[in-house]
Structure formats: structure tokens, C-alpha cells
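Work out the full structure: start from the sequences and follow the hints.
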Amino acid sequence: MRSVSDFNCLDSDSSNSHMSSHILRVVNKTIVAFTLLLAVAACSNSSSEDSKIVNWKRGYIVQPIGAAPSVVYLEISNPTDSADTLLGASSPVSDEIEIHEEMMHSTSNGDMPVNMVHMMPVSHITLEAKSSFALSPGGRHIMIHNLKEELVPGDSVEFTLKFAKAGEVRGKVAVIEYADVDTATTRSNRSR
Amino acid sequence: MLRRTRIGRLSVRLRSWGVFAACLVAGAGLLLSVTSCAPRIGEDPTAFKGVLIPTPTERPHFTLTTTDGEPYNFFEKTKGRLTFLFFGYTNCPDVCPVHMANLSSAIYRLTFEDRQKISVIFVTADPKRDTPAVLKKWLSGFDRSFVGLTGSEEEVDLVHAALNLGKPVRDEPRKDGQYAVGHAGQIIVIQPNDTSYVVYPFGTRQQDWSNDLPMLIDGTFRTKSLKPK
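In the order they appear, the protein sequences are chains A and B.
Okay, so the first sequence: first residue is 71 according to this note's numbering, each after it adds one.
Okay, so the second sequence: first residue is 1343 according to this note's numbering, each after it adds one.
Calculated directly from the structure, the hints in this document are not laboratory data.
Some hints here could point you the wrong way.
Stated by the list, open to error - In silico lysine-lysine, BS3-like type, Cα no more than 25 angstroms apart, as pairs:
1. K1566/B with K1391/B
2. K218/A with K1421/B
3. K218/A with K1517/B
4. K1479/B with K218/A
5. K1470/B with K1421/B
6. K232/A with K122/A
7. K1459/B with K1419/B
8. K1479/B with K1459/B
9. K1459/B with K1391/B
Printed below as a string of C-alpha cells:
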């Protein structure tokens, strides 16, 4: 399992009973340095962009209005030399999380320019080698039904994307209001 | 989820605020870089952003039901007012709430006097799930002055047809009862002279609304939008 901005997972790999104290110290220093590095990466919210692994950043979960579902927007990048596939997402806040795509087409009915929008679930999204794209309003998004807890703007929640090759890539998404989606997200990038 | 102590929760909150603040800074930076690159040579950044309807249409006549169960004669209730008319459904997590939030945020930044000149009407394309109570709660998440209208599927479809918006497409419900609804994504603006000249497709940003609202309020968009580009 890889982690984008959640550096607590390092704890799970840091115990080995057969190491000498010297090696342990070196390893500890390395862990501290690595943790700091990750902490800096997490704080600047730039994640592991330079490393050669599939990663995501700028993740936001939107506080739903009324009893409506919630949505997650984020940016995924695949710096590797091979294509990968986004298969799904998971989070402790819900068991009903789906990838959706907004089908939009503009027509003209009489003289009225009509901008039809229709949301469809999609089973996966292909990430070409050395590419990046955003899940953003009017394009693709992650829809979340039946939240188990109230989302409070300013909080953040654990979020995991599952890829065919890269496996699970964990991180956190910040809770924002709908009014802030406009500035928090980029314009839709619909290239595949 | 995590069982947090008061202090633990505070520190988690502080940390998430830090990340959030960093996100905001990053967002603002990106926005700046986008907006600073956006105006190309010869392009007026204050140009009108709305999409003009080739043949302006009249304020439509229809009667639906408010979230309080009262009949609402659209023409009579809104005539002479700058009116924003939008169709959608509350189970939509993306287009409908983002479009509504962007418009309401820009309206909120207007002066009190200007806000009094505006009516925002939301007609559900999904009356089966959008009961008056559901619709009322959802709209109050944006602005309590927004009017929510509903009726039977046939009634709301007739209103769509009257406005040349096509017919909403309601998918077959899945096993869990969920279904999506295809609908027109534009917000229709009707001027105080009861004529509609302009629509705003989905993707209209808050800065676009803030740019256009004063021109829609004073009517100058008609001269400004006709300037050669």
C-alpha cells in the first residue's frame, strides 16, 4: 500500500526485531527524515509529484446540501511509463462510492441553445502513461451516497483510490462547501 | 470513524486547517496563474460572458407548486423582475449544486438594493424524489429567497417543452433506488422587460457571474455584448 499524504502508515513498517541498535538508529533517522519529507510534501499539498508512482493531490470532498449526495474532486497523475486504470475509491465516510462521468452535449432546440447534462456511472478511468487529469465539475467526479457522518468544512477525511497496477493510493480530502468548489477545482480536463 | 478527544480533535482540526489553508493558497495561486494567462491580446476580460439566444423569447407562462404547496403562477409572480430560471434535481452532486452555488455566491456579493431586484427559480426535473420538503431543504442550503417549484412529471416536462429545453431523461432506478436524470444545464435569464436574451451554460464561474450581473441588472449587456469581438 502506498501513501500520498498520510505519513502515519510508516509506523506499520518500522519494527524489525533482528536489527542492531546502530542500524536501528540509522533506520530511525531515515524514517524521521523521510517522515519530515513526506510531512513537508503533505503540508505543501504537492504530494509525491516527482516520484515515479501514480499519485493524486488537491482532493476535496464537498459538504452535501440537504439530503443530497456528496462528491469528491481531485487531480490524478501517472508519471510512469505505462498506462494504469482507476478502478474505484473508498473512504471510511461511506460504503457507497462510485466514479461518475457527466455527459454533456450542446444542441439547439429552435433558437434555444440547450446544454444537456446527464450523469452516468463509469466502471473505470484509463490513465495514459505520463499523463494527468482532474476529476472536476462537469467532467468526471466521485459520487458518495449515504454518508456515515456529517462533513464539516475545515475537516479532512481519509480517502483511497484503487488502481489496477499502482494498487491503493491513500490520502486525505479536505471538506469544503459548494460555494468554494469554483475556486478549489480547475476546469474540466476531459482527455483520457 | 476515529474516536477523538477534545484536544485530539482540535489538533486534527488545526492540521486539517493547515492542509486546507495550503490547498486554498495553492488554489488561489493556480487561479491567479489561470486568470493572468486567460486574457489574450485584444480580448476584453470584462466582456459579457452570457450566451445570447438568437431569437429572444418571452417570459413563459406556467403554473407549478411551491415548496409550501401553494400554486405559483410564474409569469405573474416574476413579471418585471430580473429572473434566473434553472432546472435540475437535488440528487445531483455535481452540475446542479455547483451551478446554483456559483450563482448564489455572486448574488450574495451584490448590494442589498440589487439583490432585491432578482428572483431565482429552481424547477425540479425529478418531482418523484424532490418532494416539496426535500426541495425546500436543498434550496435553503443556497439562499432562502430562492423559489423551488414542483408538480407531476408531466407538468414539469410541459414547462421544459414550453422553453424548448427538450424532455428530461430519467434513468431506470437501480436496485438501490438510485437513478440519474438528464436535464438542461443552462440557467435562463429573463429581463425586467419580460424577454429572455441570454442563457448561462454549466461551467459559468463565479467571476463570470460577478462580471455579468451588473450588466444584467442595468440592462447594459445588450449593448456591451453586441460590440465586435
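For each hint, the structure was consulted:
Taken as a hint, the K1566/B and K1391/B pair is honoured in the structure, with Cα atoms around 10 angstroms apart against an allowance of 25 angstroms. For the hint linking K218/A to K1421/B, the alpha-carbon distance of about 44 angstroms lies beyond 25 angstroms, and the restraint is violated. Proximity of K218/A to K1517/B is assessed by CA-CA distance (about 20 angstroms); at most 25 angstroms being required, the pair is judged to hold. For the proposed pair K1479/B and K218/A, the alpha carbon gap of about 19 angstroms is at most 25 angstroms, so the pair holds.
A threshold of 25 angstroms between alpha carbons decides the hint, and for K1470/B with K1421/B the separation of about 29 angstroms lies outside it, so the pair is violated. A hinted pair counts as satisfied when its Cα atoms are at most 25 angstroms apart, and K232/A with K122/A qualifies at roughly 17 angstroms. About 13 angstroms separates the Cα atoms of K1459/B and K1419/B, which keeps this hinted pair within 25 angstroms; it holds. Under the criterion of a C-alpha separation no larger than 25 angstroms, the hint pairing K1479/B with K1459/B is consistent with the structure, at around 24 angstroms.
For the suggested pair K1459/B and K1391/B, the alpha carbons sit about 20 angstroms apart, so the restraint of at most 25 angstroms is met.
Figure legend: structure checked against the earlier numbered hints; hints not met, in rising order: 2 and 5.
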